[in-house]
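Use the sequences and the hints to build the structure in full.
Residue numbers (the numbering used here), protein chains in the order written: chain L, 1419 to 1912; chain Z, 2 to 297.
A couple of the hints might just be wrong.
To be verified - Ranges between beta-carbon positions, derived for each pair:
hint	chain 1	residue 1	chain 2	residue 2	range
1	L	V1788	Z	V33	28 to 38 Å
2	L	I1428	Z	P55	33 to 43 Å
3	Z	V75	L	D1757	36 to 46 Å
Worth flagging that the hints you see were computed from the coordinates, not collected in a lab. These numbers come from a predicted model, not from an experiment. In this text, a Cβ means the ideal position worked out from N, Cα and C, and glycines have one as well.
Here's the letter readout for the chains.
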Amino acid sequence: MPRLAFVTLISVVLLAGSFHLYQLSQPMFGAILLALAAGFAIIFGTNRYYGARFIFPGVAAVLIFIAFPVIYTIYIGFTNYSSFNLLSYERTVEVLTSRGTVDKSTEQPFAVAQDGSDYRIWLPDSGLLSDVVTLQSEQTADLAPADVPNDLLERRDAIKLRNGLQQLTLVTPGGGTIQNAGLRTFANVIPNFVQTGPDELTKADGSVLRANHETGFFVNEAGEKVPPGWRVNVGWDNFERVFKSKGIREPMVSVFIWTFVFAAASVLLTFAIGLLLAVILQWPHLRFKMLYRILLILPYAVPAFISILVFRGLFNQNFGEINLILESLFGIRPNWFTDGTLARTMVLIVNTWLGYPYMMLLAMGFLQAVPEDHKKAAALEGASALRVFFRITLPQIIPPFLPLLIASFAFNFNNLVLIFLLTRGLPDIPGTVIPAGETDILASFTYRLAFDNAGQQFGLAGAITLLIFLVVAAISYANFVTMRRAAEKRSGKA
Amino acid sequence: MIVERPRDLLIKKILAHGFMICFLALIMFPFVMVLSISFREGNFSVGSIIPENPTLEHWWLAFGFDYTRPDGTVVKPPYPVLLWMWNSIKIGLIAGLGVLTIATISAYAFSRIRIKGKGVLLDGLFLIQMFPTTLALVAIYAIFDSLGEVTPILGLNSHVALILIYLAGVTLHIWTIKGYFDSIDTALDKAAAIDGATPWQTFRYIFLPLAVPIMSVVFVLAFIGFINDYPIASVLIRSENQMTLAVGSRLYLNEFKYLWGDFAAAAILSGLPITVVFLIAQKYLISGLSDGAIKG
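Have a look at this one:
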């Protein structure tokens, strides 16, 4: 059966990949690939799960690339993963033991001799010639006394081979080893650290370093850490830092409050403006509706990353057009980027500009669903237009609108792009241990912790991600419930 | 409201149009300014809306050509805008097609095939879909950093890695297409089943041709979404030649190298095609968005 052969082939490839990942000490990814292979083989190999074949790719993609990363990020919150503790334990040992000091007294010049397509190394001072080497990968070659070889390479051609030369170890007839020690010389390289036992490194001067698996560092007898460190689990340490360290907690509370204010204000402003415009556009006596509509949704159509950057330029304090106009009209030059309150105002202005067309488009759809009779009846009773709007129209469009408003809140709660491209969270809150700005929302604050020259504090960022996760989960659940309710209402009506 | 005096109506009309025009003037201001700035000399200059000495310098640079100023100095393009555009379009097209394939097949299954635990899966997908990618950034970086040590194709700075992550953004589109399939009469697939068609054949020969309109909308939506993505791309892509437009554009307004004029031209050049595509698709977009979300 061609299908079974095909399924077997793919499963075998996935299994091989998974095995390969295990060997390269990435057991976690290996396990994921293994699960993928097993799932694939079961669902496509047997006839029982015919229906599941259709949804397997989608569900697998979502699980591997959304669900797993979110969980993994939170897991990182329980580790000390940062630029100080970047590597695995094995790699840390490798890095430390590969560092060496060149023994100056043994330095001697070298030349490279061509031998077919390969090379030999010639050491003129000691009259030694190496075996044939390819200079492609890590290699060890013996040296033996010989005469000067014929075709020695020019210095500049030899320099081109330096990547291969650096990976070369030569063994002298006496049994000593020498390595490339610069562009011109080979020499004895004495390793700084030698592994002398499990979790134990001995330094060249005889002192002993021990691995501390609590902190993820090697420490010497005086208890000093020797970088680099490796990743270890630190339990709730990151969370303790968030809640106990004043320099972290205070800016975080400020960021937390601003995130809510920002998201709520953005939703309210865009909703109010969008609804107002939709109501005007629905007015039967208005002409040029199509033209207005197209122009009004332009801010939504232009890619956000471009319009946000445009605003960044326009709001520039020194030569931005907005300040030029304000100065000529009112003689003021607001410090949009250095004053906290003004920066927050600017963020809200820009976000309203970006977001009102979406609300307007939605509102236009929902407004059409409001029965004309209700409005007419109210008007006949003598209600003013405003009263009709607030008593008849608004109560009818709010329920279907609610899930979308909640979704919009959730979106703005994590509107990293806006904050990052417009202000990068600046101006910074003074007196903080970690970078935190007046306009930072939780998402951008986390992003800066992890990726923006703040010591790549992935662990701390992961811990804060858990906090965001909880808030988002609550919002999502609320959204889910209101949406269900709206759907039930609809089907109830129909 | 029902009986309106002509005079009141006229005043109302004037007020409405007046408000619209004022509001539009405010909204359009950034667009007009950017257009004007892209023709001004230099990167800091100020001036009137129609530049006194219009120059095509920024536009030449945006298209990747050297520009020779009247005084003979040659200016080189600061950044490879067209390359970034190409990267964005390439990634957007591949990921968009991938998402479209996965979403259409899954949507058909969710709409028509009996699968155990379908309701739970759908609810789960819906909940997961609401979790923003910003929550996963640290892990995405860590995962591809380690995978890069195994093979550079899946490492940082790799477009393949970016596309893989984008493929996971199918959930919203599954819902949109499922809403469409749900509205198709079940008599169609029953007739096909009586004629002996397997579910796959029903999908391939009946549902797929019917779904072309909604599929094109979903494709455009996904494509625009990927082109506009900043967070994931900025975490994964660091080298200038691999950047997408969204990541690269930011370099123009660096505090130490502020290229306002060059940015303006590059922004229009790269933003215009996306804007036009969006304006064409927007009519379907909104109905898709609200329907797909509510029809659950």
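Hints, one by one, checked against the model:
1. V1788(L) to V33(Z): 28 to 38 Å: Taking Cβ atoms as reference, V1788(L) and V33(Z) lie about 36 Å apart, which means the hint holds.
2. I1428(L) to P55(Z): 33 to 43 Å: 60 Å, violated
3. V75(Z) to D1757(L): 36 to 46 Å: Once the Cβ atoms are compared, 41 Å apart, the range 36 to 46 Å for D1757(L) and V75(Z) holds.
Consistency note: the structure conflicts with earlier hint 2 alone.
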